[in-house]
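S.K.: Read off the chains here:
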Amino acid sequence: MSHDPDPTAAYSSPEERRAAEAVHALGEARIDAAFRARLRGHFVAGSFAAATEEPVRRSAPIVPLFAFAAAASAALLVWLGSAPPRWTFAGAAGAGELRIDGRVVDAADPGAVGAALAPGALLVTSGSLELDLVLANRLTLEVTPGTELTLPDTPRRWFGGHASCEIVRGDARFATGREMPGRRFVVQSPLAAIEVTGTRFAVIAEPDGACVCVCVLDGSVSVTDPDGTTHSVTGGLRRTLFREADPDVGEMRADERVKLAELADPDLN
Amino acid sequence: MGSGRETLSAEDLARVAARDPEALGRFFDAWVDRVFALAYRLLGNRTAAEDVSQEVFLKIHRAIDRLDPQRDPGPWVTTITCNACREYWRSSAQRAARSSVSVDDLEDWQDAHPRSGDSPEEQVLRAEREARVQRALLELPPELREVVVLHDWRGMKHREIAETVGATHDAVRKRYSRALAELARLLKDDA
Numbered sequence: 001m002s003h004d005p006d007p008t009a010a011y012s013s014p015e016e017r018r019a020a021e022a023v024h025a026l027g028e029a030r031i032d033a034a035f036r037a038r039l040r041g042h043f044v045a046g047s048f049a050a051a052t053e054e055p056v057r058r059s060a061p062i063v064p065l066f067a068f069a070a071a072a073s074a075a076l077l078v079w080l081g082s083a084p085p086r087w088t089f090a091g092a093a094g095a096g097e098l099r100i101d102g103r104v105v106d107a108a109d110p111g112a113v114g115a116a117l118a119p120g121a122l123l124v125t126s127g128s129l130e131l132d133l134v135l136a137n138r139l140t141l142e143v144t145p146g147t148e149l150t151l152p153d154t155p156r157r158w159f160g161g162h163a164s165c166e167i168v169r170g171d172a173r174f175a176t177g178r179e180m181p182g183r184r185f186v187v188q189s190p191l192a193a194i195e196v197t198g199t200r201f202a203v204i205a206e207p208d209g210a211c212v213c214v215c216v217l218d219g220s221v222s223v224t225d226p227d228g229t230t231h232s233v234t235g236g237l238r239r240t241l242f243r244e245a246d247p248d249v250g251e252m253r254a255d256e257r258v259k260l261a262e263l264a265d266p267d268l269n
Numbered sequence: 001m002g003s004g005r006e007t008l009s010a011e012d013l014a015r016v017a018a019r020d021p022e023a024l025g026r027f028f029d030a031w032v033d034r035v036f037a038l039a040y041r042l043l044g045n046r047t048a049a050e051d052v053s054q055e056v057f058l059k060i061h062r063a064i065d066r067l068d069p070q071r072d073p074g075p076w077v078t079t080i081t082c083n084a085c086r087e088y089w090r091s092s093a094q095r096a097a098r099s100s101v102s103v104d105d106l107e108d109w110q111d112a113h114p115r116s117g118d119s120p121e122e123q124v125l126r127a128e129r130e131a132r133v134q135r136a137l138l139e140l141p142p143e144l145r146e147v148v149v150l151h152d153w154r155g156m157k158h159r160e161i162a163e164t165v166g167a168t169h170d171a172v173r174k175r176y177s178r179a180l181a182e183l184a185r186l187l188k189d190d191a
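Chains A and B are the protein sequences, given in the same order.
Position one of the first sequence corresponds to residue 1 (the working numbering), numbered consecutively onward.
Position one of the second sequence corresponds to residue 1 (the working numbering), numbered consecutively onward.
For the record, the hints were derived by calculation from the structure and aren't laboratory data.
Be careful, since some hints might not be right.
Below, simulated EDC-like cross-link-like pairs (lysine to aspartate or glutamate); rule was C-alpha separation at most 20 Å, straight line [claimed, not checked]:
id : chain 1 : residue 1 : chain 2 : residue 2
1  : B       : Lys174    : B       : Glu139
2  : B       : Lys188    : A       : Glu15
3  : B       : Lys188    : B       : Glu139
4  : B       : Lys174    : B       : Glu143
5  : B       : Lys174    : A       : Glu15
6  : B       : Lys174    : A       : Glu21
Note that this is a predicted model, so its numbers are computed, not measured.
Kindly produce the complete structure, drawing on both the sequences and the hints.
M.R.: Take a look at the structure:
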């Protein structure tokens with residue numbers, strides 16, 4: 001911060017002085033550029049006020065039913081307008097079985113796969129089957145063979161803004177897009193909760209749940225260990241959690257770096 | 001929040017109050033970073049800080065015609081931001097987000113304080129030091145957190161804080177004293 005510490009402050013202990021200095025030294029979090037631009041546009045145009053303002057009260061005594069209907073219609077329009085994009089099927093490679101919510105789906109039939117991709121659906125791949133799925137401008141998801149995960153839900157555009165999914169076992173790679181910043185995305189795995197915005201990362205969960213590795217290509221993700229402590233993993237690094245050993249931090253493997261770099265950008269779909 | 005990064009003249013502020021689009025844009029540019037940064041420090045969560053920033057500018061937009069061009073809008077903007085954070089603390093959204101600690105700010109902090117010689121491990125350590133202080137702040141009751149952030153991080157005097165949060169000068173001094181004692185204990189325990 002730019003101001004100087006208060007020279008007249010009387011601290012009752014050195015610990016208090018250090019605490020004050022630690023707060024003083026905290027950096028200034030920067031606002032996400034995309035969010036800033038959107039908010040600026042709304043502020044200058046007054047458009048977000050029109051979308052979220054309460055109904056005009058002075059008309060209520062005259063035609064209360066009309067005012068109520070107008071407010072309800074406006075709310076419905078806002079709600080419908082905020083509808084999230086749908087998951088789309090971007091391709092498959094290899095051979096094997098795809099099960100979505102327990103039902104076998106033909107991975108060679110894009111229409112059938114697309115129709116089954118409901119948020120929260122349980123996907124299981126076997127054999128050598130790999131799937132590429134896209135949530136336009138928000139997320140790219142690559143599901144590798146032998147993976148079991150729930151498909152991330154799709155946050156509405158203006159409300160809530162929270163997406164999550166769970167990896168039961170296997171490997172999944174994620175890339176977040178331009179509409180994802182400002183919306184929380186949380187991946188639950190057997191040994192860790194991973195929270196992210198604006199990055200590319202992989203979560204690798206061993207089939208028996210004994211080990212989970214979080215690899216980050218760029219940006220930063222937050223990993224909450226089983227003991228509840230939260231750690232940041234920044235670009236180029238990995239954090240590996242073991243059920244029966246201490247976590248390990250280090251450089252991510254070169255082959256995983258290549259795979260993440262090749263992951264399609266959700267903004268291009 | 002003393003002044004915005006760009007100082008708007010009384011004439012500019014009159015145009016803001018008249019909802020002139022160009023002036024509104026300049027007003028937004030002058031304040032948005034500080035509103036977001038303060039909301040982030042008070043809430044400790046990027047998504048929450050964005051929600052609150054949006055709420056703050058919505059409230060400013062609704063009330064902008066009551067802006068007094070002769071006065072510094074800083075205290076007004078700070079008060080709206082603190083009020084919006086308090087509303088957020090009372091909301092279910094806060095309870096839902098409480099368990100999650102975002103680390104996006106850590107990356108931001110690194111960007112703002114570049115040290116080209118730092119290894120990735122050193123960057124992580126630095127980021128975790130900051131996260132430790134932020135976590136301790138989040139352990140404080142909101143009314144104590146607010147006072148210590150406004151005083152030690154934002155650099156406001158106790159009297160200015162009293163006007164901003166609607167409390168007496170004495171009450172703010174007492175809250176600050178309690179906040180600092182508790183923060184010192186939390187950081188000591190966490191060391």
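S.K.: Output the numbers, in ascending order, of every earlier hint that fails for this structure.
M.R.: none
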